[in-house]
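Colleague: Going down the list, the sequences are from chains A and B.
Going by our numbering, the letters in the first sequence line up with residues 42 to 239, in that order.
Going by our numbering, the letters in the second sequence line up with residues 42 to 239, in that order.
Simulated from the structure, these hints should not be mistaken for lab results.
Be aware that one or more of the hints could be misleading.
The list cannot tell twin chains apart, which means a pair is met if one copy fits it or any two copies do.
[Said to hold, decoys possible] For lysine to aspartate or glutamate, the following DMTMM-like pairs were computed, each having C-alpha atoms within a straight-line distance of at most 20 angstroms:
id	residue 1	residue 2
1	K167	D87
2	K95	D127
3	K167	D89
4	K96	E161
5	K122	D106
6	K165	D87
7	K96	D127
8	K96	D157
9	K96	E75
10	K164	D89
11	K109	D89
There are 2 protein chains.
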Amino acid sequence: MTIFYPNGKPYLNHSPAKTDKSKVNFANRGMTLEEDLNITNQYYLDHDLAVIHKKPTPVQIVNVDYPKRSAAKITEAYFRKASTTDYNGLYRGRYIDFEAKETRSKTVLPLKNFHDHQVEHMKKVKSHGGICFIIVKFTVSREIFLLDAEHLVEYWAKQKSGGEKSIPKAVIENRGYLISQGFMPRIDYLAIINRVYF
Amino acid sequence: MTIFYPNGKPYLNHSPAKTDKSKVNFANRGMTLEEDLNITNQYYLDHDLAVIHKKPTPVQIVNVDYPKRSAAKITEAYFRKASTTDYNGLYRGRYIDFEAKETRSKTVLPLKNFHDHQVEHMKKVKSHGGICFIIVKFTVSREIFLLDAEHLVEYWAKQKSGGEKSIPKAVIENRGYLISQGFMPRIDYLAIINRVYF
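With the hints as constraints, model all of the structure from the sequences given.
Modeller: Laid out in structure tokens, this is it:
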């Protein structure tokens with residue numbers, strides 16, 4: 042298990058860049074940001090703190106078989122682009138909406154991780170009084186940040202007029218908030234929401 | 042096109058129970074409640090009135106083919122039970138959450154249209170300060186009602202202790218609100234929300 046300092050930085054007893062197999066850190070092996078967030082949301086739900094769910098993956102269903110005496114089987118379907126964000130719900134009476142992204146880059150969050158519909162959706166949510174942000178994980182350092190959607194909207198607009206194709210990590214560190222990581226809950230983003238939005 | 046009185050009742054120039062083919066009313070043929078709600082939500086979105094979406098159908102993906110030079114194809118998948126409701130979003134700064142059901146019954150809404158997880162979810166939403174309700178369409182009379190989730194929760198609990206397996210239409214008429222139907226928007230449930238929850 043990885044140990045985290047209270048500021049959310051992981052305690053690493055060896056360089057994660059090392060490739061010597063005998064020294065690979067197996068902590069959280071295979072745990073994606075999505076899995077950790079799902080467990081976190083389940084924790085919030087079980088402790089009656091918030092009602093936040095990941096939306097199902099949008100799928101275009103083309104063909105379904107209905108075999109006798111067994112469940113309907115989808116035999117042809119395709120992934121569709123999401124027109125909104127992946128997570129939404131309710132916390133302390135407020136509407137919560139966010140998208141989660143991981144990047145292997147050490148220095149930037151590439152904007153290719155998002156698309157127009159999502160950014161438009163986030164703008165709408167903010168203008169209608171919702172709380173909207175992104176959760177970004179830098180997988181190499183294992184740091185996870187919460188960044189209000191307004192900054193994504195700003196960089197998205199810049200990109201469209203020929204600007205950079207990513208948000209520098211330094212900007213995320215500066216304008217965003219490092220999320221504490223632990224065992225329960227794993228990614229305690231409500232702690233940040235309490236501080237920033239209430 | 043079906044014409045509706047301002048109170049939401051449809052103007053029917055013949056009995057909808059008649060089976061004489063030459064006199065079948067083709068108005069709205071094939072338009073399900075879900076389709077009408079999707080068009081309504083798109084109208085609300087386009088007019089910047091609310092940000093409310095249907096969640097994708099939850100699917101358990103078992104097998105995916107990745108053919109060269111074309112989109113990933115899901116070749117085996119199954120429908121999963123939804124753990125929440127079908128629709129949620131944001132209106133005038135408030136979290137909105139609802140489930141929509143049609144019934145061919147003229148007298149009741151059978152509770153078999155819902156399941157435990159959904160009712161639990163609705164309870165949670167209400168206790169965290171969200172606006173939560175069901176939209177019920179009686180397909181024979183074409184009437185559509187909005188009923189606050191508290192009444193579903195009440196009948197659900199009654200059923201569990203041996204009570205009736207449905208909500209009488211008379212109760213829905215009495216405690217719920219008839220929704221006006223028109224061309225744009227088709228099912229103007231925000232008009233009811235304005236009146237009841239603000």
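Colleague: If the cutoff is 20 angstroms on CA atoms, where do K96 and E161 land: within, between, both or neither? Let me know, please.
Modeller: For K96 and E161, both the intra-copy (18 angstroms) and inter-copy (18 angstroms) Cα distances are at most 20 angstroms.
Colleague: Should K165 paired with D87 be assigned to within, between, both, or neither, using CA atoms and 20 angstroms as the limit?
Modeller: Classified as between; 11 angstroms across copies, 30 angstroms inside a copy.
Colleague: 20 angstroms Cα cut-off: does K96 pair with E75 within a copy, between copies, both or neither?
Modeller: For K96 and E75, both the intra-copy (11 angstroms) and inter-copy (18 angstroms) Cα distances are at most 20 angstroms.
Colleague: Could you place K167 and D89 in one of the four classes (within, between, both, neither) given a Cα distance threshold of 20 angstroms?
Modeller: between (25 angstroms within a copy, 12 angstroms between copies)
Colleague: Between the shortest in-copy and the shortest cross-copy C-alpha distance, which are at most 20 angstroms for K96 and D157: within, between, both, or neither?
Modeller: both (18 angstroms within a copy, 19 angstroms between copies)
Colleague: With 20 angstroms as the alpha-carbon cut-off, assign the pair K122 and D106 to within, between, both or neither.
Modeller: Classified as between; 18 angstroms across copies, 24 angstroms inside a copy.
Colleague: Between K167 and D87, at a C-alpha cutoff of 20 angstroms, which is it: within one copy, between copies, both, or neither?
Modeller: between (28 angstroms within a copy, 16 angstroms between copies)
Colleague: Go through the copies and call it for K95 and D127: within, between, both or neither, with a Cα cutoff of 20 angstroms.
Modeller: both (6 angstroms within a copy, 13 angstroms between copies)
Colleague: Reference check for the pair K109 and D89, CA-CA at most 20 angstroms: within, between, both, or neither?
Modeller: Neither, since 41 angstroms and 46 angstroms both go past 20 angstroms.
Colleague: Go through the copies and call it for K96 and D127: within, between, both or neither, with a Cα cutoff of 20 angstroms.
Modeller: The answer is both: 5 angstroms in one copy and 10 angstroms across copies each meet 20 angstroms.
Colleague: From the Cα coordinates, with 20 angstroms as the cut-off, is the pair K164 and D89 best called within, between, both, or neither?
Modeller: between (29 angstroms within a copy, 11 angstroms between copies)
Checked against the numbered hints listed earlier, the structure breaks hint 11 alone; every other hint is satisfied.
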